[in-house]
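Protein chains: 2
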Amino acid sequence: MAVVKLAKAEFNYVMPVSLVGATVTGKPNFLAVAWFSRVNYSPSHIAVALSKDHYTTRGIVEHGTFSINLPGADLVARADYVGIHSGKSMDKSAVFDVFYGELETAPMIASCAICAECRVVQTVDLPSDKLFIGVEVAAYADERLIADGEPDATRAAPFFLATPPTAYFALAGAFADAWRVGNGYKGGEK
Amino acid sequence: MAVVKLAKAEFNYVMPVSLVGATVTGKPNFLAVAWFSRVNYSPSHIAVALSKDHYTTRGIVEHGTFSINLPGADLVARADYVGIHSGKSMDKSAVFDVFYGELETAPMIASCAICAECRVVQTVDLPSDKLFIGVEVAAYADERLIADGEPDATRAAPFFLATPPTAYFALAGAFADAWRVGNGYKGGEK
Chain A
3 MAVVKLAKAE
13 FNYVMPVSLV
23 GATVTGKPNF
33 LAVAWFSRVN
43 YSPSHIAVAL
53 SKDHYTTRGI
63 VEHGTFSINL
73 PGADLVARAD
83 YVGIHSGKSM
93 DKSAVFDVFY
103 GELETAPMIA
113 SCAICAECRV
123 VQTVDLPSDK
133 LFIGVEVAAY
143 ADERLIADGE
153 PDATRAAPFF
163 LATPPTAYFA
173 LAGAFADAWR
183 VGNGYKGGEK
Chain B
3 MAVVKLAKAE
13 FNYVMPVSLV
23 GATVTGKPNF
33 LAVAWFSRVN
43 YSPSHIAVAL
53 SKDHYTTRGI
63 VEHGTFSINL
73 PGADLVARAD
83 YVGIHSGKSM
93 DKSAVFDVFY
103 GELETAPMIA
113 SCAICAECRV
123 VQTVDLPSDK
133 LFIGVEVAAY
143 ADERLIADGE
153 PDATRAAPFF
163 LATPPTAYFA
173 LAGAFADAWR
183 VGNGYKGGEK
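Heads up: the protein sequence lines correspond to chains A and B, in order. Remember, this note's numbering sits 2 above the position in the first sequence when you count from 1. Remember, this note's numbering sits 2 above the position in the second sequence when you count from 1.
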């Protein structure tokens, strides 16, 4: 394998797709977002990066709340649709069936397998994006996914974005046990 | 589908696995990390969340640099190994073949398909974790993955962590074109 330096300083990886919800000018609005991550173990926090000029960004700044929702493959066209079209030019409030939990300005999507509502605890201003860090106030899941009290996201047909090749990918099966398969590595050799 | 509120406020999703590198007490050290994301478009920034008590955290705080590396499935045992074992109790510097780019304290992994070296521009202190936000100084890839100047991460056999069921998952094929499939959604119905 020959490793070469790239023209662009950009780490390419395959990103899980979420739908981020907010209330903007009084209506629920959703946006497809691949730039998110859990960032704190307890209490659980989620960070979401959005371009400063996104319509959804305004709503999160205004209310200090957002939701994050895990779409299954059955929602791929709608997820892509709310990624392509900005709420600036189109009312997206009717694309999904919405429900609310404890926060009145964090709309969630009833047809998503797993959802969480978050309250912003910190906002980091980056050159082109705002990074919203939210503490999770409550989480919800399709009861059919729950085993031992926790939802299994792999059973929700999650999908992933990769650019290139600008496509959505499905998940294949499990091939190793986490926090166990490493016990088979004996060290020493590289 | 019946959506229920979960006992734990925790958004479960399927996370890409990376290996984060740092120099700790003068040696390269790597840790398996699933809590990371791109967070700024241009220049590209990566955020990585690490428990405050991780050994690797010390090195990033000391030097203000880290690397992020995308392991393929062939490295799953070693990736898991450096996740199970802390550098506090074990010298992990020999697990991978290391190379350096522009930063002298951001070791990268030669057998990973895609790597980037980052300089920390901001650190966010959260209750249990530190969130390191780094600007990407340079990125590297196996030349066999490159098409039109950019590496295609889907060709690197990336893998994903989900808990439950505490396993590593592979990627399946593409099933829809991103930024196009949404054009088929006609709106109106939910």
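Incorrect hints may appear among the rest.
All copies of an identical chain are treated as equivalent in the list; a pair is satisfied when it fits inside any one copy or across any two copies.
Subject to a maximum C-alpha distance of 25 Å in a straight line, what follows is the list of computed PhoX-like cross-link-like pairs (lysine-lysine) [unchecked claim]: (1) 7 with 29; (2) 7 with 54; (3) 29 with 188; (4) 188 with 54; (5) 188 with 7; (6) 7 with 90; (7) 188 with 10; (8) 29 with 10; (9) 90 with 10; (10) 90 with 29; (11) 90 with 188.
Hint data in this document are derived by calculation from the structure and do not stem from the laboratory.
Comparing the hints with the structure gives:
Proximity of residue 7 to residue 29 under the C-alpha cut-off of 25 Å is restricted to the inter-copy arrangement: shortest distance 23 Å between copies versus 46 Å within a copy. In the homo-oligomer, the alpha carbons of residue 7 and residue 54 never lie at most 25 Å apart, since the shortest distance is 30 Å inside one protomer and 32 Å across protomers. In this assembly of identical chains, the alpha carbons of residue 29 and residue 188 lie at most 25 Å apart only when taken from different copies (20 Å versus 56 Å within one copy). With identical chains, the CA atoms of residue 188 and residue 54 are never at most 25 Å apart, being 48 Å at best within one copy and 28 Å at best between copies.
Taking the shortest Cα distances, residue 188 and residue 7 never come within 25 Å of each other, neither inside one copy (31 Å) nor across copies (43 Å). For the identical chains of this complex, residue 7 and residue 90 are neighbours neither inside a copy (39 Å) nor across copies (32 Å), given an alpha-carbon limit of 25 Å. In this assembly of identical chains, the alpha carbons of residue 188 and residue 10 never lie at most 25 Å apart, being 37 Å within a copy and 37 Å across copies at closest. With identical chains, the CA atoms of residue 29 and residue 10 are never at most 25 Å apart, being 38 Å at best within one copy and 28 Å at best between copies.
With identical chains, the CA atoms of residue 90 and residue 10 are never at most 25 Å apart, being 31 Å at best within one copy and 35 Å at best between copies. For the identical chains of this complex, residue 90 and residue 29 are intra-copy neighbours only, at 12 Å inside a copy versus 50 Å across copies, given an alpha-carbon limit of 25 Å. In this assembly of identical chains, residue 90 and residue 188 lie within 25 Å of each other by CA distance solely across copies; the values are 18 Å between and 56 Å within a copy.
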